[in-house]
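Novice: As a plain string of letters, each chain reads:
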Amino acid sequence: MTPQRIGLISSAVPLIFGGGRFIVEWLEEKLRDRGHSVETIYIPAVYDPDSVIEQMAAFRLMDLDPHFDRAITFRPPSHMVKHRRKVCWFIHHIRTFYDLWDSEYCDLPNTAQTRALRDTIWRADTAALASAHRLFTNSRVVADRLRRFNRLEGEVLYPPVMHPEAFRSEAYGDEIVCVCRMEGHKRQHLLVEAMRYVQTPVRLRLCGLASNPAYLGELHRTITQHNLAERATIEHRWISEEEKADRLARSLAAAYIPFDEDSYGYPTLEAAHAKRCTVTVSDSGGVPEFVEQGRNGLIVEPQPEALADAFDRLYRDRNGTITMGEAAEMRVRELGINWDAVIARLLS
Amino acid sequence: MLSNRVPYIRGRAEELSFNLVRQLQEAGHQAEEMRIPFSWSPTERLIEEMVIARSLRLTNVDRVIALKFPAYLIPHDNQVIWLLHQFRQAYDLFDAGQSHIERSPRGEAIRAAIRAADEDAFRSARALYATPGAAKRLDRYHDLHAHVLFAPLNDPELFSGGDDGGFILAAGRVGHAERQGLLIEALAHAPGVRLRVAGPPDDAAMPGALQALAERCGVADRVIFDLRFLPREELAALVNECTASAYIPFDEDSVGYAMEAFQAGKPVITSTDSGGVLDIVQDGETGLVTAPRPETLGQAMARMIADRSRAACLGAAGRSLLAAHNITWPKALERLLG
Amino acid sequence: MKMRLAWLGPWNSRSTIASFGRLVVSELLARNHDVTVFRTETGSALNEPSLPIRARLEDLHAIDGHTLNRSFDGVIANIGDHHPLHGSVVNVLEQCPCLVIFHDGMIANLAAGWAHEAAAGENSLRTLVRKIYGGEAWVDGTPFLHWSQTQMQAATRPMTEWLTPLAAGIVTHSAFWAPRMRAACSGRVDVLPLALADSEMPPPRTHQGRLVIATIGHVNPNNRADQVLLAIASDTVLRARCEYRLLGHVEGPEQERLEHLSTDLGIPPPRFTGYLSDAALRAEMAEVDVISCLRHPVVEAGSASLVTAMYAARPTLVSWYGVYAEVPEYAVYHCTPGQEAVDVAAHLRAILAEPAAALTMGQRARARALQVHSANNYVDRLLPALAAATEAAPAIAAAHRLGKVLGRFEIDPNDPAVTRIVGNLSNMLVS
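Chains as they are written, first to last, in our numbering: chain A, 1 to 348; chain Y, 1001 to 1338; chain S, 2001 to 2431.
Please keep in mind that the hints were generated in silico from the structure rather than gathered at the bench.
Possibly wrong hints are sitting among the right ones.
[What the hints assert, rightly or not] Estimated spans, in silico, between C-beta atoms of each pair:
#1 A:Pro213 / Y:Val1006: 41 to 51 Å
#2 Y:Pro1075 / S:Pro2253: 49 to 59 Å
#3 S:Asp2278 / Y:Asp1120: 37 to 47 Å
#4 A:Gly18 / Y:Val1006: 52 to 62 Å
#5 S:Arg2130 / Y:Asp1120: 15 to 25 Å
The beta carbon of each residue, even a glycine, is placed where N, CA and C say it ideally should be.
Start from the sequences and build out the full structure, keeping to the hints where you can.
Specialist: Structure, rendered in structure tokens:
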């Protein structure tokens, strides 16, 4: 394919780095590897009802056509930009105006006037996404919302990890590993609680940084209170890619149980690359798009006892666990989660 | 840290902004730079660009340091402006007849809009710093006093100086404004002097044109062209080896090249109309300042090569001057974060 | 669906807009909506006692536009040309573009009062006039308002365009001002016949060959009282049989003028009653045979006094344009605008000659008023207008904020850049 000038356009909150940025930065590198000229542009945005419309209009006013052959957009309101070849890799809506409207997560009262604001945003989003050359989402969860609220069909395009080759499989151990940011939303506390109820020698390892020291404290307290120190390990620090690969390579399986997440999450994918299945819960949102019950992982009720059962099952049925781990790796191929496929779609 | 970008263009301002972030992080702060796309042509577009900036919103930072137009128009309660340069096409370049903004009622309305937006931003910033050229313009066009803040060298340790390799170095962007062609013509008046031109050309035609010029002047055997973006270490090596640095742009703000030369203990040859560099290069003290003509420039280059120890003296004086001004990152951060 | 509504307007017993408000709000309450009334009077007018209503009553100063915009399902603002009654609404409109009922098309008095109170004074009023109407609209050295210059005022600087662009939707009670309002407002403009309660005037008597003609309400020169006097004076029969009464407050200079005119014409001056309470007015009306509702120039967007007259079942004289032209000839007596006297004289002679026919005209006027001007009819049409305004408001508010950003760049409101940039906003919302 002839080298193109490609703009990766996304919104960002300064100093917050995470999933929404990895997809952009990894794509940048992979596109460069294939010889394209890439610029990544992060533009500040605030999801504030009083100014969101003019922010959206500002993105739409930007002049990108002269500089790029193709513009790929990510986090809203970057999809509002105008470009003759706009490809939206739509990773989430501004959810307070969509599925979280009138919920505990929405600050606005629900009145006809605020609904008019919401409807205005819907109209603008719909028009901008409808005008895209291609519309992709990073999960079925987001595609479902696009269909439900914007009546648009988005093609699911799962984001790969940066270095799949960095993950490997060694001998299966006896640890369930969870490598991700430690916070209430990711619910590591349920994993720790589960260890109170396990009946096999299975162990738990949590790795990652906690954004809230109080949450970390809570985890430690649970461990102490219930004498779980021998069975549950917390590595609270920045985990390098190598360390992550290392923990997964020797684990029994992975656990990833966020609450209502938009996509399956990189941890699920990383585990699969290491031939490890993932234990998740029924209200984790997008994780069951990847994990299929009993085939390449386990999906249980979001309760400590149910999780304990799952851990025990993985320990007792070692062969079954290994089989599910291998199936998890195959699932990656089944779903076409690789950069060649992704880039072919993005540049189509 | 807010600045602009024109996609795929990366120059000194981009390096500065990148290094400012790095310095802030090394000092223990959390910092990130965001550079917003900027399209300044056609001139009508300038109004859109200002509206875009005014319509964006920022959160999660205690302080914003904004470097350029129109990035400093992005609203924030706690903004410090470090003006590298305002949009000169609306100000001094317009007055000098070098602006793409038309001399017409429409052009006037656009310039007035830029002035109004600038005034608003400069007056509501928590503090206003500027490089010397920008500060002079703030005074002249807005009657505003900004604290002068030089951009420290990004990597002074690379410019450690060294033995004099007996050539004149013309480093930096190679373009019409920088007038490397004039230096080539000057070589004809500096027998035996060798010149090295090293830096990224503004356009694809430049290398061929300069080579042809060197041949026409009969000096092609004494010029080495290295027309590309040089990695810092390579550039520093050249500065460390030269006898003197020649920097003769027409009315540029930039003093970075001169500072690099001084850091390496090398004198600077410049001309009377080169702009901001004259704030730091004094004729006969830290370099030579001549009229922008081939004969005078040629003489200056010849004098440097003929009298190496004098060159070294001037260079040492430049180095001391730099040290005396203490243009360092810790000092700059102190002021920007104060 | 039950809604939480905010009604912004004057709410004292001396204000016809307040009476109108109470009529409409009562109907909204009857339809089970939750209404909070925010009084918009400023200064001493706030001390006037409130009209009773079974709804929450607040002072608009106690809430900000942003909260209004968030907390209610709909906001309806009333604007009229009187600063003491409407002053506090102006500042709320910016943050809460809403449905605005313009009771007057010309709002120069409101503008002058607002500028004065905002302590911005004449300079900012001048800037406002210049921005909207251009430099020639208000010649240096002339006063902004002059009671005898209403026609010129209405033509050159009515200040309509000062507030109409802020509205998310407009209701006006006459088609007369609608085109101007549509030109200035990006929201929908609806023309609704004014809602007015039955004035419960005593029924007309069959006249016995003498006519009492009355003009009701606050009188100034554009009520054309002089034309009635000229008509009476033009004919010996009318001189002998007609008497003119002004039932309401008349401005001092106007009263003098009418007295002088009567003297010049050799007829007795009209009877001036001064301000009348509702009860006193009703008592006076028992003796009134004909009502004069002449107006020129038309400055009202809808005439409450016309509808009051029609409810009173009296033969009614109107200047035939503006809102008055919207009432058919079978219900009221049309007169040529600007030279009403001749037509008035003809109509009075006809009324004297055919008392039954005149009473029939009066009955038709009342029937029409009952049908068209009921609160039920009004609210049926108000609610869809409110829904449209609510839907349009977020985009209009954003366009406003953009306009202000451009204004701070000293860019003229008519500049093509404004059209382009606001156009980007509207295009954003079109699928």
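Novice: Work down the list of hints and note, for each, if the structure agrees.
Specialist: Here is how each hint holds up against the structure:
1. Here the CB-CB span from Pro213 (chain A) to Val1006 (chain Y) is close to 43 Å, well matched to the stated 41 to 51 Å.
2. The given range of 49 to 59 Å is respected by Pro1075 (chain Y) and Pro2253 (chain S), whose C-beta atoms sit roughly 53 Å from each other.
3. Taken as a hint, the range 37 to 47 Å is violated for the pair Asp2278 (chain S) and Asp1120 (chain Y), whose Cβ atoms sit roughly 54 Å apart.
4. Distance hint check for Gly18 (chain A) and Val1006 (chain Y): the Cβ-Cβ separation is about 28 Å, which falls outside the suggested range of 52 to 62 Å.
5. Remark: the range hint 15 to 25 Å for Arg2130 (chain S) to Asp1120 (chain Y) is upheld by a beta-carbon distance near 22 Å.
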